[in-house]
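Which chain is which? The protein sequence lines are H and C, in order.
FYI, in my numbering the residues of the first sequence are 1 to 378.
FYI, in my numbering the residues of the second sequence are 1001 to 1378.
These are computed hints drawn from the structure, not numbers from a lab.
It is possible that part of the hints are untrue.
Cut-off 30 Å, straight-line C-alpha distance, at most; resulting in silico cross-link-like pairs (DSSO-like, lysine-lysine) [stated by the list, open to error]:
1. LYS339/H with LYS1110/C
2. LYS1339/C with LYS1143/C
3. LYS1310/C with LYS19/H
4. LYS1342/C with LYS110/H
5. LYS116/H with LYS1310/C
6. LYS1176/C with LYS1339/C
7. LYS1097/C with LYS1025/C
8. LYS310/H with LYS1118/C
9. LYS1110/C with LYS291/H
10. LYS110/H with LYS1339/C
11. LYS291/H with LYS1097/C
12. LYS342/H with LYS140/H
13. LYS1118/C with LYS1025/C
14. LYS1320/C with LYS1310/C
15. LYS1110/C with LYS320/H
16. LYS1310/C with LYS25/H
17. LYS310/H with LYS1019/C
18. LYS110/H with LYS1310/C
19. LYS1019/C with LYS1110/C
20. LYS1310/C with LYS97/H
21. LYS342/H with LYS176/H
22. LYS310/H with LYS339/H
23. LYS1291/C with LYS116/H
Covered by chain C, per the in silico footprint, the following chain H stretches (three or more residues, Cβ under 8 Å) [to be verified]:
24. 79-90
25. 105-118
26. 275-282
27. 308-317
Okay, the calculated beta carbon distance ranges per label pair [as the list claims (entries may be wrong)]:
28. LYS1110/C with LYS342/H: 17 to 27 Å
29. ILE99/H with LEU1256/C: 43 to 53 Å
30. VAL318/H with ILE1099/C: 32 to 42 Å
31. SER1352/C with PRO124/H: 50 to 60 Å
32. GLU1344/C with SER71/H: 39 to 49 Å
33. SER1182/C with GLU246/H: 58 to 68 Å
34. ASN1084/C with ASP171/H: 42 to 52 Å
35. VAL92/H with ALA1195/C: 53 to 63 Å
36. LYS1118/C with GLU366/H: 45 to 55 Å
Beta carbons: idealized from backbone N, C-alpha and C, even for Gly.
The chain contents come next:
2 protein chains.
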Amino acid sequence: MIQFSINRSLFIQALNATKRAISSKNAIPVLSTIKIQVNPSDITLTGSNGQISIENTIPVSNENAGLLISSTGAILLEANFFINIISSLPDVSLDFKEIEQHQVVLTSGKSEITLKGKDVEQYPRLQEVSTDNPLVLETKLLKSIISETAFAASTQESRPILTGVHLTLKDHKDFKAVATDSHRMSQRLLTLDKAATDFDVVIPSRSLREFTSVFTDEIETVEIFFSPSQILFRSEHISFYTRLLEGNYPDTDRLLMNQFETEAVFNTQSLRHAMERAHLISNATQNGTVKLEIAENGITAHVNSPEVGKVNEELETVEKAGSDLTISFNPTYLIEALKALKSETVRIRFVSPVRPFTLTPGDDQEGFVQLITPVRTN
Amino acid sequence: MIQFSINRSLFIQALNATKRAISSKNAIPVLSTIKIQVNPSDITLTGSNGQISIENTIPVSNENAGLLISSTGAILLEANFFINIISSLPDVSLDFKEIEQHQVVLTSGKSEITLKGKDVEQYPRLQEVSTDNPLVLETKLLKSIISETAFAASTQESRPILTGVHLTLKDHKDFKAVATDSHRMSQRLLTLDKAATDFDVVIPSRSLREFTSVFTDEIETVEIFFSPSQILFRSEHISFYTRLLEGNYPDTDRLLMNQFETEAVFNTQSLRHAMERAHLISNATQNGTVKLEIAENGITAHVNSPEVGKVNEELETVEKAGSDLTISFNPTYLIEALKALKSETVRIRFVSPVRPFTLTPGDDQEGFVQLITPVRTN
Chain H
1 MIQFSINRSL FIQALNATKR AISSKNAIPV LSTIKIQVNP SDITLTGSNG
51 QISIENTIPV SNENAGLLIS STGAILLEAN FFINIISSLP DVSLDFKEIE
101 QHQVVLTSGK SEITLKGKDV EQYPRLQEVS TDNPLVLETK LLKSIISETA
151 FAASTQESRP ILTGVHLTLK DHKDFKAVAT DSHRMSQRLL TLDKAATDFD
201 VVIPSRSLRE FTSVFTDEIE TVEIFFSPSQ ILFRSEHISF YTRLLEGNYP
251 DTDRLLMNQF ETEAVFNTQS LRHAMERAHL ISNATQNGTV KLEIAENGIT
301 AHVNSPEVGK VNEELETVEK AGSDLTISFN PTYLIEALKA LKSETVRIRF
351 VSPVRPFTLT PGDDQEGFVQ LITPVRTN
Chain C
1001 MIQFSINRSL FIQALNATKR AISSKNAIPV LSTIKIQVNP SDITLTGSNG
1051 QISIENTIPV SNENAGLLIS STGAILLEAN FFINIISSLP DVSLDFKEIE
1101 QHQVVLTSGK SEITLKGKDV EQYPRLQEVS TDNPLVLETK LLKSIISETA
1151 FAASTQESRP ILTGVHLTLK DHKDFKAVAT DSHRMSQRLL TLDKAATDFD
1201 VVIPSRSLRE FTSVFTDEIE TVEIFFSPSQ ILFRSEHISF YTRLLEGNYP
1251 DTDRLLMNQF ETEAVFNTQS LRHAMERAHL ISNATQNGTV KLEIAENGIT
1301 AHVNSPEVGK VNEELETVEK AGSDLTISFN PTYLIEALKA LKSETVRIRF
1351 VSPVRPFTLT PGDDQEGFVQ LITPVRTN
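With the rest of the complex left out, here is chain H (with noise of 0.2 Å):
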């Protein structure tokens, strides 16, 4: 039966890490717990909502830990309310022990805390994913990609595939993620350094986004691993698992122009800003959408909505070149598409009123393009 004692800070971080694979109202019940599973020389934390999975391991060898393992075994706890408990506790460390009947006496300083665990013959197989052949890469860069692009995706159920982003490597060195939910799109490509094995794959985009939050900063490279139906992402000491989402995406290469008629680059932030002003107003109008107008003396946006009021802007750029152009679209993508963008200025290219716009950075650092379609109004 299990016995021992940790830091109780570190505990609670791995803890905490753990648990954003879980959720407390999960249909299947043993999924709202924690396994603890204590070996010679670790312990692993295991939490899983079915979707995402994540196992954290804390190793003896790691100093901050304060790790004494007396006697190994497993067990299951109740994730939110191991995790209070611990929280709550006075002392810088903390005994576990495992007693008759699954149940855990925690010691911390004077308080004494004794909780109804399960037996973690109960607890669901992950399912596994082979750890050959890995595709390294920077955690850095791949939270940027997934910060560019999973955005995008769909929040709807109704087609289920564009609810991830679609991560693919051809000729083992293009990659490529794209993501769409219809109205606009954001692609990043990337010619890796080593050359991988081909992969095509769609990742729920809130796996991505749960992914990065789990992998913090400190954890300089990821491992990810390519099964059928999952995908694993490995650091040293963390697992995260998420399914893959089944079906064919769409070709969205078809939707990307090289041709355009009007083109404008603007400071980021200032744009960003007047469309949050003219969204305050649009979000009160019938079909929500803001008026840019493109005309020799400059560029102003425009929404009126005759109940609440009316927002005229004056947009400065740094260029501006091509044909005259009024085009109208929902404030809130391009707002999005701003906020995913980190240069300094914006490159937007038009092709007409009914056509799709790309933003790409005005450093013309390549690889980044979005896309978003207008409405049609009369």
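Go by the hints and put chain C onto chain H.
Relative to chain H, chain C alone:
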């Protein structure tokens, strides 16, 4: 028609303070607006939810306001929406200009936003409170009296009078604030430096909490004016009105006893944290109580939930005297009582397992006493 320009961030600050009185879901639609009254030498913002009303004055003489009034008048604007718009504007300053049909044009930088307002005649007249003969208190003292008592008021409308804090002044000097929800009571006594007119009022505890948010610590003193149905708290630029509760407040003095059988002094924070742990488990029990055992060899706290687990805490004491005693109570009441105490230690005095126990500051600072009723268990 109104025309003025103002420093935007100072305006936002004043709007947000006024908004605390405004509920966007008020049954009386006009109360979701903010009233803007522009006089030759100041602007007064008014918000009200029918229970509390706030008037916030920005004088031309306030140098930080950069206030330039060109034309006076009054108008109503949808409070939340207006504040969101003002907050989103680009420039340091803002021009506000009323045009035909109660419309307002806001100009800031290259943004121009037109909003529809309402005729000020629709706004209800706030009841007047005669401003003679104020009671003057330090803001800090008044806020500390509120934080020591308001939490103990009832949140249930079954006995409306108990949702208030009972404030009285007797013999021109003896101030008392008391609140109880019939399970616990908190009372602060005070002797005023200067004699004032006696009063006996019950103020909704919710209003007092709002007062605490509106009157920041920079405001040194508050003038308090009484009318039969309202009370007015006033500083140089803010007037805060709240209605009073009607009815007779119960006599709480008879609950306080001078005799006790058992007495202990604890460290306030340690006892609070022990009770927070106990509460995590007691929460899962049927009667939700913690049992305190005071014996020759020490004081211990126990909770036992057949479903979840149990807690045993050894409580350290600074002092301990009197007979052994076992008493059960809801730890939430003790946690909240300890939160209201600013002293490092707390003195708790018990009469019997079925009689309320009292808490006083351990430093024997006078005038603050709390009382908690135990729960009978078998």
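Legend entry - Given pair status - LYS1110/C, LYS339/H, alpha carbons within 30 Å: Holds. LYS339/H to LYS1110/C sits at ~22 Å (cutoff 30 Å).
Legend entry - Holds or violated: LYS310/H to LYS1019/C, with C-alpha atoms at most 30 Å apart: holds, 23 Å
Inset, instruction - For the pair supplied as a hint, LYS1339/C and LYS1143/C, confirm whether the alpha-carbon distance does not exceed 30 Å. - result: holds, 15 Å
Legend entry - Holds or violated: LYS291/H to LYS1097/C, with C-alpha atoms at most 30 Å apart: holds, 25 Å
Inset, instruction - Starting from LYS1019/C, check that the Cα of LYS1110/C is at most 30 Å away, please. - result: holds, 27 Å
Inset, instruction - Please work out if LYS1110/C and LYS320/H have their alpha carbons no farther apart than 30 Å. - result: holds, 18 Å
Legend entry - Pairwise hint evaluation, LYS110/H against LYS1342/C, where the allowed Cα distance is 30 Å at most: holds, 24 Å
Inset, instruction - Decide if the proposed pair is consistent with the structure: LYS1291/C and LYS116/H, CA atoms, cutoff 30 Å inclusive. - result: holds, 20 Å
Legend entry - Pairwise hint evaluation, LYS1310/C against LYS1320/C, where the allowed Cα distance is 30 Å at most: Given pair LYS1320/C, LYS1310/C holds - Cα atoms ~26 Å apart, limit 30 Å.
Legend entry - Given hint LYS1339/C paired with LYS1176/C - CA-CA distance at most 30 Å: Since the Cα atoms of LYS1176/C and LYS1339/C sit roughly 20 Å apart, the hinted pair holds (cutoff 30 Å).
Legend entry - Straight-line alpha-carbon gap LYS1310/C to LYS19/H, limit 30 Å: holds, 23 Å
Inset, instruction - Below or equal to 30 Å on CA atoms is what counts here, so check LYS310/H against LYS1118/C. - result: Holds, because 16 Å separates the two Cα atoms, which is no more than 30 Å.
When held up to the earlier numbered hints, the structure conflicts with none and fits them all.
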